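Chains as they are written, first to last, in the UniProt record's numbering: chain A, 1 to 530; chain B, 1 to 530.
Among the hints, a few may not be true.
It does not matter which identical chain is used: a pair holds within one copy or between any two.
[As the list claims (entries may be wrong)] The list that follows gives simulated cross-link-like pairs (lysine to any residue, SDA-like), each with its CA atoms no further than 25 Å apart: (1) Lys514 x Arg23; (2) Lys514 x Gly233; (3) Lys514 x Val234; (4) Lys514 x Glu92; (5) Lys514 x Asp140; (6) Lys514 x Ala225; (7) Lys514 x Ala384; (8) Lys514 x Ser142; (9) Lys514 x Ala27; (10) Lys514 x Gly236; (11) Lys514 x Pro525; (12) Lys514 x Asp530; (13) Lys514 x Arg5; (14) Lys514 x Arg351; (15) Lys514 x Glu53; (16) Lys514 x Thr436; (17) Lys514 x Leu17; (18) Lys514 x Glu161; (19) Lys514 x Asp504; (20) Lys514 x Ala30.
Simulated from the structure, these hints should not be mistaken for lab results. Since we're looking at a predicted model, the values are computed, not measured.
2 protein chains.
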Amino acid sequence: MSRPRSWWGWGWADRALDAEASRRLAARVAAFGLPLDGTLARVPDPAGLGLPEPRLTPPASLAELCRTDPLTRAAHTHGKAYRDVVRNLRGELDHAPDLVAYPRSEADLVALLDWAVADDVAVVPYGGGTSVVGGVECRDRSRPVLSIDLTGLSGVVEVDEISRAARIRAGTLGPELEDQLRPSGLTLRHFPQSFEFSTLGGWLATRAGGHFATGHTHIEDLVAAVRVVTPAGVAGSLRVPGSGAGPSPDRLWLGSEGTLGVITEAWVRVQSRPRFRAAAAVRFEEYADAVAATRDVVQSGLQPANCRLLDRLESMLGAGVRDGSCRLLLGFESADHPVDSALNRAVQLCRARGGHPDAPTREKEMRADAPDAVAEWRDTFVSAPYLRDALARLGAVVETFETACTWAGFDALHAAVIDAVAHAGIAINGSPALVTCRFTHVYPDGPAPYFTVYAAGRRGAEVAIWDQIKVAASEAIVANGGTITHHHAVGRDHRPWYDRQRPDPFALALRATKRALDPAGVLNPGVLVD
Amino acid sequence: MSRPRSWWGWGWADRALDAEASRRLAARVAAFGLPLDGTLARVPDPAGLGLPEPRLTPPASLAELCRTDPLTRAAHTHGKAYRDVVRNLRGELDHAPDLVAYPRSEADLVALLDWAVADDVAVVPYGGGTSVVGGVECRDRSRPVLSIDLTGLSGVVEVDEISRAARIRAGTLGPELEDQLRPSGLTLRHFPQSFEFSTLGGWLATRAGGHFATGHTHIEDLVAAVRVVTPAGVAGSLRVPGSGAGPSPDRLWLGSEGTLGVITEAWVRVQSRPRFRAAAAVRFEEYADAVAATRDVVQSGLQPANCRLLDRLESMLGAGVRDGSCRLLLGFESADHPVDSALNRAVQLCRARGGHPDAPTREKEMRADAPDAVAEWRDTFVSAPYLRDALARLGAVVETFETACTWAGFDALHAAVIDAVAHAGIAINGSPALVTCRFTHVYPDGPAPYFTVYAAGRRGAEVAIWDQIKVAASEAIVANGGTITHHHAVGRDHRPWYDRQRPDPFALALRATKRALDPAGVLNPGVLVD
Chain A
1 MSRPRSWWGW GWADRALDAE ASRRLAARVA AFGLPLDGTL ARVPDPAGLG LPEPRLTPPA
61 SLAELCRTDP LTRAAHTHGK AYRDVVRNLR GELDHAPDLV AYPRSEADLV ALLDWAVADD
121 VAVVPYGGGT SVVGGVECRD RSRPVLSIDL TGLSGVVEVD EISRAARIRA GTLGPELEDQ
181 LRPSGLTLRH FPQSFEFSTL GGWLATRAGG HFATGHTHIE DLVAAVRVVT PAGVAGSLRV
241 PGSGAGPSPD RLWLGSEGTL GVITEAWVRV QSRPRFRAAA AVRFEEYADA VAATRDVVQS
301 GLQPANCRLL DRLESMLGAG VRDGSCRLLL GFESADHPVD SALNRAVQLC RARGGHPDAP
361 TREKEMRADA PDAVAEWRDT FVSAPYLRDA LARLGAVVET FETACTWAGF DALHAAVIDA
421 VAHAGIAING SPALVTCRFT HVYPDGPAPY FTVYAAGRRG AEVAIWDQIK VAASEAIVAN
481 GGTITHHHAV GRDHRPWYDR QRPDPFALAL RATKRALDPA GVLNPGVLVD
Chain B
1 MSRPRSWWGW GWADRALDAE ASRRLAARVA AFGLPLDGTL ARVPDPAGLG LPEPRLTPPA
61 SLAELCRTDP LTRAAHTHGK AYRDVVRNLR GELDHAPDLV AYPRSEADLV ALLDWAVADD
121 VAVVPYGGGT SVVGGVECRD RSRPVLSIDL TGLSGVVEVD EISRAARIRA GTLGPELEDQ
181 LRPSGLTLRH FPQSFEFSTL GGWLATRAGG HFATGHTHIE DLVAAVRVVT PAGVAGSLRV
241 PGSGAGPSPD RLWLGSEGTL GVITEAWVRV QSRPRFRAAA AVRFEEYADA VAATRDVVQS
301 GLQPANCRLL DRLESMLGAG VRDGSCRLLL GFESADHPVD SALNRAVQLC RARGGHPDAP
361 TREKEMRADA PDAVAEWRDT FVSAPYLRDA LARLGAVVET FETACTWAGF DALHAAVIDA
421 VAHAGIAING SPALVTCRFT HVYPDGPAPY FTVYAAGRRG AEVAIWDQIK VAASEAIVAN
481 GGTITHHHAV GRDHRPWYDR QRPDPFALAL RATKRALDPA GVLNPGVLVD
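So here's chain A without its partners, still in its complex pose (with noise of 0.2 Å):
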């Protein structure tokens, strides 16, 4: 039997916290400044949720494709933002599909889809589950609601070597499509945040950034061409490594988010895995100095494949830094040729703002069974929605959001954003919500800031409050010039802001798009597009 994955939280089931592990975070936060109870919420049964009724019958030809039970269609109601878990916790589930479905080819999902037109069905298209955006939440109940799951349609199918290129189902979660690419040397070097539970079509549909801070790390950057399954028939794009041929068809289903078509398979680009590697972490006693440090660096052309700023109280609550200071992690990687001279440089660089590298740097022909990028990023940051679910267990608000805006603009959006949340907690709770920041990517022109928020929560009242900092953070953002996202989509959660920011002929041409390829409306209504 396969490791349960959890319906109600983040990942696999039995890596949620304990109650002892639970107690001793409280105890941990509490140190910080964040009142909580001390209780720990229950996990409901969806069974003994009383779920709406399903409205649909599959016909008989789909039937076999299809699930009703409560477990499947709770686990597919929410995704796995902070809102998804607390509502999860309290059986909030109004919005789950009626019927999930997993198609096994791409023409059980053409016979789906047809079903679905014919029947008025909204169509969730549903991969790894991850959303952090409201994007699988069909939240219209005007019209029955079909989930397609579409990790059944996984797999490596074909593997260019010499192009350096493979085709892959869109189902496939991240770990899978590593583990059947590796026998050839090969990685897609592609590793969200949520890599081990998303899937490469959900990748794709979301304009994913990877872990990678600078060079190819957004999936559009790492694929040649996409299969996409449309009411108006099926599209599929001439691999090539480039081409000026009108706009690019591929990028108009990439951040499509399922409201344009459902893609089932991919070409990307693969690369040989990295064996050199060298890594610093250098200490700034000042946030502006260190802001300007990074800037330089990456518009130094050295591509560091790591390069991330964490500010304050970021170094402090996610890197145990005691005395106040900044941190920069600094890391380069290549299957090729030895990196230290990039990373001394970067060194150099940062010197002369006024950095100190914490440690020597180091070289190292990295052995096959040493811990690689994606190793330590996994010990880093695969726990840290663990914790978050815990938190929000025990009553906290725990929550992240990230924007992109250019060097010019920066410190003004820092500011404006850190002083928003915090007034925004002082309103609710009388108390500041402790807000951190971090670079999760850098570009020559600008960052990509991820800020994380902790307040207290009251019982009942979480997803309200966190909604409330939410539009202050948002407001802040797009005042000073942010892009509005996360991870990295649109979803329902942000098109207030995303309908201010679209270029309105832009919006036109999306709406006689979504018109031509879906006229009956049923692909993930609520998202992108009405």
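Place chain B on chain A using the hints.
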């Protein structure tokens, strides 16, 4: 008075080869087997060509923006492809625009588009006019045609030195753009072969590729935001370094070739001017080894600025190589750090495939007055189109075409294209056409091969001969999985193959978008979509 541009051929009027230089050129090409009759076609005077009467009178408010003199209309009739030059020389200007307008502001442009929509006038957005795909030639004569020359909307408007970004008007020509960035020590570093005579707006509308072989060489990677006037309103995207918010709005306009709107300005990513440079030429006896070495270099992650592989015939005709070998030209550049180790590693990879560097590799810190990549490239390439024009006047058929394909597919594509063009030459002339190949860009997953064709012509039949060769070449490209464009657009000339390669649902989406943004269908009819 400004230096006059050639109305009929490439570039500056005074750079056209004179009779004596043309005679010397004819002698040189006769040596490699291209028979020419020795006469030099006369350049006609547009005033004497009896251009069709303009069918269009601008409203009084727009009259001062418009010109109808024969020279202006003749210069805006065609692009700069071989078939354009030949038709100009023969005085075949049936497709002359009725009127040429020169907006001085976005408001002028909006007024011109409003008038065109109201009076059902076809609009051809015209930047530098260097299209080689029929992109600025309106062949549909059912409506009057207005060519809108955008070179009046020019200049660098704003530079954000912190974020390394500049806001630049779309009608800015390459040299003007670089001249205005130079005082800030910055460069866009986008150098298509047409650089001197093409505009930022044209690069964006055609998804232009620059001179550099790898890295951010395509204009789409250098643009942070665009502003576009459409009949349905003005679209301005948010300037952020990255965003995952829905399908990229900018990507709709990039490559839209004037069919969905007129680009008026863009925020582009600029960078420090390079200071370090290293280059080498590597000799290979076997082309297959050279191809494999080129692939190794680009898959190594080294990102050479130059990685130009010339096949045997290209090495002979283009680089003066006498011993029948091939050449790979390698170059690295950086504004920040020495690049000798990168070049050394690339050369080492070449040696492992049997390559021999011609000369010792060199590393230098560039002096301010030293020739830079631009100047060097200019020397090499700028004269090529002038030679092409002279050969056209001498009666030869000389043209280029491009594609991009996977590494796995390259050998078959290369052989098929050479074979198809040679055979087309035999069918037409009884002797094979000469075809050379070089790589203009290389990607980890494949090269962008660029072919040059030399064939005998027959006075009056040159266009038909070239069209026949082009069909043979295009069929061979498409049959072997290559993309179909030229510099780097579809225009009117590639429609039959583009329509076959484009996914049908994407065509539906594009048509729907066209109807939404340009309901009267006035924008560049015949290009991309009907």
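Earlier hints that do not hold, by number:
Violated hints (numbers, rising): 1, 4, 7, 9, 13, 14, 15, 16, 17, 18 and 20; every other hint is consistent with the structure.
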